[in-house]
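Which chain is which? The protein sequence lines are G and L, in order. Numbering of the first sequence is given in the working numbering, commencing with residue 1 and proceeding in unit increments. Numbering of the second sequence is given in the working numbering, commencing with residue 1001 and proceeding in unit increments.
Hints are computed from structural coordinates only; laboratory data are not their basis. Positions of the beta carbon are idealized from the N, C-alpha and C atoms, including for glycine. A portion of the hints provided could be inaccurate.
As the list claims (entries may be wrong) - What the simulated footprint calls covered on chain G by chain L, stretch by stretch (three residues with Cβ under 8 Å from a Cβ of chain L suffice, anywhere in the stretch; the number is not a length): (1) 76 to 85; (2) 127 to 134; (3) 230 to 240.
To be verified - Derived coverage of chain L by chain G (criterion: at least 3 residues anywhere in the stretch with Cβ under 8 Å from a Cβ of chain G; other residues may be distant): (4) 1096 to 1107; (5) 1112 to 1119; (6) 1341 to 1351; (7) 1522 to 1531.
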Amino acid sequence: MKMPRIVASSLLSLALVSFGCDSAEQTSNQPVEPKSPTVLEVDGDPFLGKKPIEQGALNETTAHHNAFSQVSLMPKPPVEEAPYRNRRRMDLDQLNASLKTVSDGLEWAINGQNQFEVLASTLGKPDFNTITSEDLDPSAMFLKFLNDASRDICFQMVERDLQRTTSTRVLFKHATPEMTMVNNANAIEINLVYLLKRFHGMSSVASCDDCDEDTPNALGAELQQWVWLYQAAEHVSSSPVDAWRTVCVALINHPDFYMY
Amino acid sequence: MRILFAATLLATLVGSSEASVPNEALMCRPDEPRMDKFAYLRALSLDIRGDVPTYEEYAELAKNYSDVPDAWIENWLSSEAFVERAVRAHRSLVWNNLEAVRLGNYRQNFRRIRASDNSFVYYRDRQAAVYRHVNRPPCDVDRPVEYDSAGRITTWAKDFVRNGETYTAQVEGYVMVSPYWAPNTSIRVCAFDAQLGDVSASGSDCRTNGGFNDAGCGCGENLNLCRYGSNVYSERASLERDVELRIADVIRNNRPYTEMFTSRKAYVNGPLVHFLKYHIGFTSGTSLEPLPFDEANLPDIPFTDYNYYQIDLPAEHAGILTSPSFLLRFQTNRARANRFFDAFMCSPPSPPSGGLPAQDPNARIEPDLQLRDGCKYCHALLEPAAAHWGRWTERGSGFLSADQFPPTRADCEECGRTGQACSQECRLHYVTQAFTPEEDQYIGMLNAYQWMKPSHQRNVELGPKFLVLTSIVDARFPDCTAKRALESLLGRETNTAEQQWIKDLSKDFLNSGYRYRDLVKAIVTSDIYRRIR
């Protein structure tokens, strides 16, 4: 996990500093032979003042600040990072097409006008007349309109699903609008797994090649977040339909949907 | 010993911290540096098709494959969706937008006004002063046209009220016409505006701006010479689409990428053909004349045919670099060369990295930009490169053929040196004035030859295609194409450590016969593409 690694590295740093580890010891394990002490005075140093400094194994890479610590004068060589692809935000055309695909053909339109086209310049799509480069930052502006789009599409999806037969539904594929966590938790979980695959391409389920809707528990903690969201929404609204709409909006607003 | 102790303590702390982190399950999981097959499928699908995979595709991948099959990638790269994505990517290179370009002339444009019976009557308000000797009034919208015994349109006095004041104009009646933009309808048009004929009784050419000042010129048969409503802008959209179709043709048919800059194919639809046949003589700043191909090559299609048809162009054309859209988007030869150097050679002309050296304020200003202090760093490169477009008109997209526009013309030199009135051709395309003694030697020469060194003069005659071919030979073009594709797919700029990879991609690109699909496939199947951060 990311956070424990950060905690670990911080603690490692802390531990090394606390216990006076120095780079010479780390690299060679050779004890530093104290030489006949030569007292140096450092003028103007706010920490050392005129404290004596033992001139030991001073060379171009190490120096003693006092009798008890030694620091490297050379920075650690940078860790060479393997080349990579930037995780990035979908452009508006990708987002529009992807929303259509996951919602089975629905689009964010008002009065028949696709809003991603209407808002193209606001959302950073270049027109190559006044704007020549595309802004793909997941900015607050982008997230605001993504939220609008998700609510519009999820409302449409719910309304449409309620008119459809079970086999052609998208949001209520494996759980009917009547099922709740109390009366059919298993169906809820299976449906959540299905939606995670449909919206996020299972990218939220690391190395889960064998996962499918029959084995939702294999998703573990990842799924539990979504179960928790569904449960909370159902609890607050007392309506499975509203809970699924909430899940739908969350799936679209999740970075796993609009970043790749 | 100290290290061992520290490590023991650390292990204890880490262990306890992991156990004590609240809501650990709700934390973001760490990035997987290498995408699993599902994330890889999703990235491939979005980059190649512009869409996420379907649920069925994920399911098939999960059940039948250990990794994304090569056949899927091939299939997607052959799809129309990839063509669209490639065209989209190239928009950012050619900046294909003519919104700021005005084609035709506003005096061609119709307005409409309601008659007493509520039907519309069409007229050109800006021509009213020519026809009715008063600004803006239409004809008598409630009375049909009348002719005298000689067949001339008769007029009568009619009062109009504007801004509270009453004034009188001599007006004509209306006629019924089937306009070219809606040939199955019949509309009322003021009779002077609907006059037929390409030449007026007094000899004015009604197909040019000159016809606007002659009351004997109208809009011709089916109102072909005038415009109304959205068709005012349809030729701009058609010209933009022409460029995209040229790019799409190369990608769709997996033709060598270089054909994008050497091809002689173009695409026209009904609105564009109509514009090229009837409106090209009307200008307001930009001109498509002299038309760079034989008008007889245009298909015989009506304005309402919105399908695109391929036409073949003469040898001097250089793909998108001589397309009307590119030439009108970048209206000077310097702008054209600069865009090509920036987008396709990755080396825009630029001053030295340390900035320009201080100039002597008392020094004489050198008229040749290739030599002038402060200018020469860019213009020594830019001027010879711009000369490749020397036979393509600036502020337009016409072509100056060597037959009609030789490097020097005696009539242009004569008018330039004697002060006689120069012809329009001389004024527009030849040097007829010398502002400094150094420029005197160029009087009578085609504009593109001014300041050209003898070694660069051939650029004018060989055209943009020659520039492309030289950049292919010296590898700048394939290197830049590889770099652009790589940066587009990686979502970041490349760094110096990746130059060798770019070189390798460029070499493979060349070996594949400049197939863009192969280049994209090489990138998306690389380990680097799959490693994400």
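Of the hints given before, which are not true for this structure?
-> 3, 5 and 6
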